[in-house]
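For reference, the chains in residue letters:
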Amino acid sequence: MSVTRETVAKIASLARIRMDDAALDRMAPEFNAILDWVEQLGEVDTSGVEPMTAVIPNTLRLRDDVVDADPLTGGGMRESVLANAPAAEHGFFGVPKVIE
Amino acid sequence: MTTTTSTYRIHGATGEWEVVIGLEVHAQVTSNAKLFSGASTAFGAEPNSQVSLVDAAMPGMLPVPNRECIRQAVRTGMAIEARINRWSRFDRKNYFYADLPQGYQISQLYHPLVGEGALTIEADEKAGIPEDKTIGIERIHVEQDAGKLMHDQHPSMSYVDLNRSGVALMEIVSRPDMRSPAEAGAYVRKLRSILRYVGSCDGNMEEGSMRADVNVSVRKPGDEFGTRTETKNVNSVRFVMQTIEHEARRQVDLIEDGGTVVQETRLFDPGTGTTRSMRSKEDAHDYRYFPDPDLLPLELDDAFLAECRESLPELPDAKKRRYVEELGLSAYNAGVLTADVDSFRRFEELLEATSAKLGKGAKDVSTQVANWSLSVAPGVLNALGSEADEGHATAEAQAAILAMQSAGEISGGQAKEIYEIVLKTGREPAEIAETEGLKQQSDTGAIEAEIDKVLAANTDKVAEYRGGKDKLFGFFVGQTMKAMAGKGNPAVVNQLLKAKLDG
Numbered sequence: 040m041s042v043t044r045e046t047v048a049k050i051a052s053l054a055r056i057r058m059d060d061a062a063l064d065r066m067a068p069e070f071n072a073i074l075d076w077v078e079q080l081g082e083v084d085t086s087g088v089e090p091m092t093a094v095i096p097n098t099l100r101l102r103d104d105v106v107d108a109d110p111l112t113g114g115g116m117r118e119s120v121l122a123n124a125p126a127a128e129h130g131f132f133g134v135p136k137v138i139e
Numbered sequence: 074m075t076t077t078t079s080t081y082r083i084h085g086a087t088g089e090w091e092v093v094i095g096l097e098v099h100a101q102v103t104s105n106a107k108l109f110s111g112a113s114t115a116f117g118a119e120p121n122s123q124v125s126l127v128d129a130a131m132p133g134m135l136p137v138p139n140r141e142c143i144r145q146a147v148r149t150g151m152a153i154e155a156r157i158n159r160w161s162r163f164d165r166k167n168y169f170y171a172d173l174p175q176g177y178q179i180s181q182l183y184h185p186l187v188g189e190g191a192l193t194i195e196a197d198e199k200a201g202i203p204e205d206k207t208i209g210i211e212r213i214h215v216e217q218d219a220g221k222l223m224h225d226q227h228p229s230m231s232y233v234d235l236n237r238s239g240v241a242l243m244e245i246v247s248r249p250d251m252r253s254p255a256e257a258g259a260y261v262r263k264l265r266s267i268l269r270y271v272g273s274c275d276g277n278m279e280e281g282s283m284r285a286d287v288n289v290s291v292r293k294p295g296d297e298f299g300t301r302t303e304t305k306n307v308n309s310v311r312f313v314m315q316t317i318e319h320e321a322r323r324q325v326d327l328i329e330d331g332g333t334v335v336q337e338t339r340l341f342d343p344g345t346g347t348t349r350s351m352r353s354k355e356d357a358h359d360y361r362y363f364p365d366p367d368l369l370p371l372e373l374d375d376a377f378l379a380e381c382r383e384s385l386p387e388l389p390d391a392k393k394r395r396y397v398e399e400l401g402l403s404a405y406n407a408g409v410l411t412a413d414v415d416s417f418r419r420f421e422e423l424l425e426a427t428s429a430k431l432g433k434g435a436k437d438v439s440t441q442v443a444n445w446s447l448s449v450a451p452g453v454l455n456a457l458g459s460e461a462d463e464g465h466a467t468a469e470a471q472a473a474i475l476a477m478q479s480a481g482e483i484s485g486g487q488a489k490e491i492y493e494i495v496l497k498t499g500r501e502p503a504e505i506a507e508t509e510g511l512k513q514q515s516d517t518g519a520i521e522a523e524i525d526k527v528l529a530a531n532t533d534k535v536a537e538y539r540g541g542k543d544k545l546f547g548f549f550v551g552q553t554m555k556a557m558a559g560k561g562n563p564a565v566v567n568q569l570l571k572a573k574l575d576g
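Order-wise, the sequence lines are chains R and D.
Per our numbering, residue 40 is the first one in the first sequence, and the count goes up by one each step.
Per our numbering, residue 74 is the first one in the second sequence, and the count goes up by one each step.
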């Protein structure tokens, strides 16, 4: 697999990361080196082996349908939620106007 | 599966075009708390007051799925006879937008909770649906809703309210099986009906609890599928139908003018009934999905699935069949009564109250109750308009009226008059009948006395009748009823007149 400079530029754009030409030139070989390294795993014969989803046997836990049962994961904390917002007005986050 | 093809066509310059429609319906799951947090889902709260640290995507917060949301989606899947996947998984759909604090939506692309199912839309000759048609449903998956953006509150800023952020949605994806706006409309109505029966979504399209992405393409009948466009977030049945009409016409005109349809996302403008391109960048759909490392696969056990199945109510198709087979109602009446939870609940409550009052079986009063529920009661209610207080329209009061009518104590007209007073005042029907003199005279003695007077005053007509002029019978009925100010029980009047004239 070979990642081109254009691919890196596209991925950067999708991730909203600004990269100059020098960074793109440097990044493409790095991507390829990482992919080559990971591709070594392909040499292992995994036919008949279930894909592993977690390192220890575990199942997904579910929560009960109760509002604000735990203050850490409940609502009613507008001030905390808005505390780091660059602009918070009338209880809303304010962001640069986005209209499509 | 019925293979009836719709006759709906777009007439273009080069001939007839068939329209192919698929719908992705987003339905908000009825739950108290959000999909991955304990924040409330209640509608209409103060901005950002129902946002947890999880929903605001604060660093270090981990999602834990709400069991009820999973349960409701599974029950919905069972209601459309779909395959339930005992093993499913959540994926991240990555994109940046101001209403999505995580920078990704947790959704299910590769292993949805619910697989292949179907629902049936009913024949509707007038709408161009000649017979029942099965519409395939490809999948139902569970995902998070985004927040809400407001653009008109500030000159240079958009405001973000994250109260909806993280609320559970079911995305219900149909097969491209619909061929006309009417079929799509019927599909959305039927789906809404099923969701409301199951109780997994309130179906409130005005509040945004249900909205549809409408996929439309056109082709010459028999050709391969054409390129489709997707019109996002259409929030009423009428708008879904308008979107299809407009979009199909636009595509046909475009192709016939030598253009090509571009696969793109469009927006519906309810003001003009038209759609327009969102002109998104080409790579906007490159969502780079991958399994969410914060969530283990979701595995469902037998006990969970059994509870989901056992808690399902009787569904619209089964209920309609039962109304026809057990209650002896017409297919049309059964269809209207079972179309929505509110209407069948009112009907069943009244049916039970009426049969209890009369000591008769449900089947013996079903036709009377159905006619009352479908035409008489709504007629009175509409005529009264704002004068009526629907709170007075209890099953108890209506059953009392129907019982009096069934026993011959009041006429159909009197039943309406009494119901009118009930709706305005909430008084007791029996008391109204007594106080307002809204009762039929069934006392044979009194009726006989009136008949004797009528016959004595019209000896010539009596002679003519007895001479073979049968049609005069109606005249005697009319005269008797008039003499009794319309309060004679028509059945008794008829019977006694017949006896006196023919005897």
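The hints are simulated quantities; they were obtained by calculation from the structure and are not laboratory data.
Don't take each hint at face value.
Per label pair, the in silico range of CB-to-CB distance [unchecked claim]: (1) Asp60(R) with Arg140(D): 18 to 26 Å; (2) His129(R) with Glu460(D): 37 to 45 Å; (3) Asn123(R) with Gly464(D): 22 to 30 Å.
Straight-line Cα separation of at most 27 Å, DSSO-like style, residue types lysine-lysine; simulated pairs [what the hints assert, rightly or not]: (4) Lys221(D) with Lys305(D); (5) Lys544(D) with Lys49(R); (6) Lys49(R) with Lys534(D); (7) Lys555(D) with Lys534(D); (8) Lys136(R) with Lys305(D); (9) Lys555(D) with Lys544(D); (10) Lys136(R) with Lys544(D); (11) Lys136(R) with Lys166(D); (12) Lys526(D) with Lys542(D).
Covered, in the sense of this in silico footprint (three residues per stretch, anywhere, with C-beta under 8 Å from a C-beta of chain R), are these stretches of chain D [claimed, not checked]: (13) 153–159; (14) 163–175; (15) 227–233.
No residue lacks a Cβ here, since even glycine has one placed at the ideal position from N, Cα and C.
Against the structure, the hints come out as follows:
Range check, Asp60(R) to Arg140(D): Cβ separation about 51 Å, and the 18 to 26 Å hint is violated. One distance hint, 37 to 45 Å for the beta-carbon pair His129(R) and Glu460(D), holds here, with the actual separation near 41 Å. Distance hint check: the CB atoms of Asn123(R) and Gly464(D) are about 49 Å apart, inconsistent with the given range 22 to 30 Å. Distance check on the hinted pair: Lys221(D) and Lys305(D) sit about 15 Å apart at the alpha-carbon level, within 27 Å; holds.
Taken as a hint, the Lys544(D) and Lys49(R) pair is broken in the structure, with Cα atoms around 91 Å apart against an allowance of 27 Å. Under the criterion of a C-alpha separation no larger than 27 Å, the hint pairing Lys49(R) with Lys534(D) is inconsistent with the structure, at around 100 Å. Proposed proximity of Lys555(D) and Lys534(D) is supported: the alpha carbons are some 17 Å apart, at most 27 Å. For the suggested pair Lys136(R) and Lys305(D), the alpha carbons sit about 21 Å apart, so the restraint of at most 27 Å is met.
With a CA separation close to 18 Å, the supplied pair Lys555(D) and Lys544(D) stays within the 27 Å bound. As the CA atoms of Lys136(R) and Lys544(D) are separated by approximately 81 Å, the hinted pair breaks the 27 Å bound. Between Lys136(R) and Lys166(D) the CA atoms are separated by roughly 24 Å; this keeps the pair inside 27 Å, and the hint holds. At most 27 Å may separate the alpha-carbon atoms for a hinted pair to count; Lys526(D) and Lys542(D) meet this at roughly 20 Å.
Proximity of the stretch 153–159 of chain D to chain R, defined as three or more residues with a beta carbon under 8 Å from a beta carbon of that chain, is not established by the 0 residues found. Only residues whose C-beta sits within less than 8 Å of a C-beta in chain R count toward coverage, and the stretch 163–175 of chain D has 4 of them, enough to reach three; the restraint holds. Here the stretch 227–233 of chain D counts 6 residues with a CB under 8 Å from a CB of chain R, which clears the bar of 3, and the coverage holds.
Consistency with the previously given hints fails for numbers 1, 3, 5, 6, 10, 13, ordered from lowest to highest.
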